[in-house]
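Those protein sequences? They're chains A and B, same order as listed. Numbering follows my numbering, in which position 173 of the first sequence is assigned residue number 173; successive positions increment by one, without gaps. Each number in my numbering corresponds to the 1-based position in the second sequence with 396 added.
Be careful, since some hints might not be right.
Have a look at the derived ranges for each label pair, beta carbon to beta carbon [to be verified]:
no., chain 1, residue 1, chain 2, residue 2, range
1, B, 536, A, 82, 30 to 40 Å
2, A, 12, B, 549, 43 to 53 Å
3, A, 19, B, 539, 46 to 56 Å
4, A, 65, B, 524, 55 to 65 Å
5, A, 376, B, 536, 21 to 31 Å
6, B, 539, A, 15, 24 to 34 Å
7, B, 406, A, 268, 42 to 52 Å
8, B, 538, A, 140, 52 to 62 Å
9, B, 539, A, 268, 44 to 54 Å
10, A, 311, B, 431, 44 to 54 Å
11, A, 246, B, 511, 51 to 61 Å
12, B, 448, A, 82, 42 to 52 Å
FYI, nobody ran anything at the bench for these hints, they're computed from the structure. Computed from a prediction, not measured in an experiment: that's the story for all the values here. For glycine and all other residues, C-beta sits at the position ideal for the given N, C-alpha and C.
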Amino acid sequence: MNGSKSRPDRIASHVRTMPPSGIRDFFDIVSTMKDVISLGIGEPDFVTPWHIRESAIYSLERGITSYTSNLGLLKLRQALAGYVERVFGASYNPANEVLVTVGVSEALDLAMRAILEPGDEVIFHEPCYVSYGPVIAFAYGKPVPIQTDPQGGFVLTAAQVAAAITPRTRAIILNYPNNPTGACLPEAELKAICDLAVKHDLIVIADDIYAELSYDHPHTSAASLPGLKDRTIFLHGFSKAWAMTGFRLGYACGPADLIGAMMKIHQYTMLCAPITSQEAAIEALKHPDQDINGMKAEYQRRRNFIHASFTEMGLPCPRPAGAFYAFPNIAATGMTSKAFAYGLLEAEKVAVVPGTAFGPCGEGYVRCSYATSMDQIKEAMVRFKRFAHQRMAAKA
Amino acid sequence: MDELLKLLKKNALETPEDLAKMLDLPVAAVKAKIAEYEKSGVIRGYQAVVNQDQLDINLVTAVIEVKVTPEREGGFNHIAERISKFEEVQSLYLMSGTFDLLIFISGQSLKDVAFFVSDKLATIPGVISTSTHFMLKTYKDHGVLMETEDEYERLKVSP
Chain A
1 MNGSKSRPDR
11 IASHVRTMPP
21 SGIRDFFDIV
31 STMKDVISLG
41 IGEPDFVTPW
51 HIRESAIYSL
61 ERGITSYTSN
71 LGLLKLRQAL
81 AGYVERVFGA
91 SYNPANEVLV
101 TVGVSEALDL
111 AMRAILEPGD
121 EVIFHEPCYV
131 SYGPVIAFAY
141 GKPVPIQTDP
151 QGGFVLTAAQ
161 VAAAITPRTR
171 AIILNYPNNP
181 TGACLPEAEL
191 KAICDLAVKH
201 DLIVIADDIY
211 AELSYDHPHT
221 SAASLPGLKD
231 RTIFLHGFSK
241 AWAMTGFRLG
251 YACGPADLIG
261 AMMKIHQYTM
271 LCAPITSQEA
281 AIEALKHPDQ
291 DINGMKAEYQ
301 RRRNFIHASF
311 TEMGLPCPRP
321 AGAFYAFPNI
331 AATGMTSKAF
341 AYGLLEAEKV
351 AVVPGTAFGP
361 CGEGYVRCSY
371 ATSMDQIKEA
381 MVRFKRFAHQ
391 RMAAKA
Chain B
397 MDELLKLLKK
407 NALETPEDLA
417 KMLDLPVAAV
427 KAKIAEYEKS
437 GVIRGYQAVV
447 NQDQLDINLV
457 TAVIEVKVTP
467 EREGGFNHIA
477 ERISKFEEVQ
487 SLYLMSGTFD
497 LLIFISGQSL
507 KDVAFFVSDK
517 LATIPGVIST
527 STHFMLKTYK
537 DHGVLMETED
547 EYERLKVSP
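Sequences are here, hints too, so could you generate the full structure?
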């Protein structure tokens, strides 16, 4: 043996043992194929509203290209505090309780690194966004996933949380409206879970990135519940509701000590979020409802359409109450999630993501994003139906 | 505006079946509602939005500002209705400001349009003056851009 190229021991064990994202290999195959209709995309198909893009351009024209304060531009933090108070009903001091980050992804990472001692446990619900487990593990914490029940619409229950709490539990992550299931958390269940957080002195991480895209009931954030603000890290950003994924702009609100700790890591590792994105975000917060409501109405029509289509083709699909994902059950085809997704891609050139990418309890399901045009969704449903019915007939 | 109308305004070719799914309504209800709109005249027709610049045809479009004398009975209505009946007139609006009627007309040639203005429009009793502007290029019509921009392609799968 010469050289040192493939010595596994020079990769830290907690990184080495982490499997790559289940989406990755699937992505590699899809990206080699032409003319694929993709329902596999976890970002809006809308372009960022023009007035927001224009203000980013204008900031560049004025030569605004510097670093900002570590916390983010004060003007943006003030606007954020105003927005969070109006929409979520929780008030934060822009001076020390709001931190602007590079997407919610960074904010989540900061939160984990700020609060976890090695071996501390963090409870979260599955199916879930692909990064929760890994981010906890990279912060030397222990991921404690709870498998939510499809019969219950993938809603986390307080009873499940209570059973998972141990003396090492430090925090619980809540992400509703949910990626990948589209589920929302009923307020009573949220309250019961938060009561447990108080009782066991846990921190609640409220990943409310899809909050605006709640179709049937207004979203309630843990941060707005009485007595919860002091133990809640509220995470939100511009990617989904404003269609600003590539701007990479998120933020965290929380009690000053937690935000201060997160800021310390952010300051040494990221310095600040890009100023162009921050300028764009200031503009985005000027007339947020106008931008969001138009897109939301379109998502809602697509939600109705895609849910009706799955129901019509005889595949059970919990009615998505939020976000822009449907999570139909394809077990009737006799195929695993992965085999179904690969088969559908091969036979009909429609890309969906196997449910197992979001946790083992996603087996039997596929995630279909409806953040794509209605025309594409219509054609995708025709092809989906053809494939599913063929496989169901072959099985019978 | 009613959601159904909004969807039809955006795409009149949506089928009742698809509309029903989008609006979470029974197909029969959607069909009945459309029939009702057609009968009551809320929906007055269905047309394609065509980029005429792309076609090899002779078509001249002009916008004409017209000043008229309103009548004692009926105000602007009588004269506006009279003008609107000409086949050449595509759209006609009553306006506030320095003129009264705004007319969109089209013809096969500049001469056609000029003839219409001098011979038909200007001679109508009550028309005081006309000012004709010829259209050179259409960038957007009925909310639809006439140029297709290259679409930026997103990653095909993302978390």
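How the hints compare with the structure:
{"no.": "1", "hint": "B:536 to A:82: 30 to 40 Å", "result": "holds, 35 Å"}
{"no.": "2", "hint": "A:12 to B:549: 43 to 53 Å", "result": "violated, 36 Å"}
{"no.": "3", "hint": "A:19 to B:539: 46 to 56 Å", "result": "holds, 48 Å"}
{"no.": "4", "hint": "A:65 to B:524: 55 to 65 Å", "result": "holds, 57 Å"}
{"no.": "5", "hint": "A:376 to B:536: 21 to 31 Å", "result": "holds, 24 Å"}
{"no.": "6", "hint": "B:539 to A:15: 24 to 34 Å", "result": "violated, 51 Å"}
{"no.": "7", "hint": "B:406 to A:268: 42 to 52 Å", "result": "holds, 50 Å"}
{"no.": "8", "hint": "B:538 to A:140: 52 to 62 Å", "result": "holds, 59 Å"}
{"no.": "9", "hint": "B:539 to A:268: 44 to 54 Å", "result": "holds, 50 Å"}
{"no.": "10", "hint": "A:311 to B:431: 44 to 54 Å", "result": "violated, 26 Å"}
{"no.": "11", "hint": "A:246 to B:511: 51 to 61 Å", "result": "holds, 55 Å"}
{"no.": "12", "hint": "B:448 to A:82: 42 to 52 Å", "result": "holds, 48 Å"}
Of the hints listed earlier, those the structure fails to meet are numbers 2, 6, 10, in rising order.
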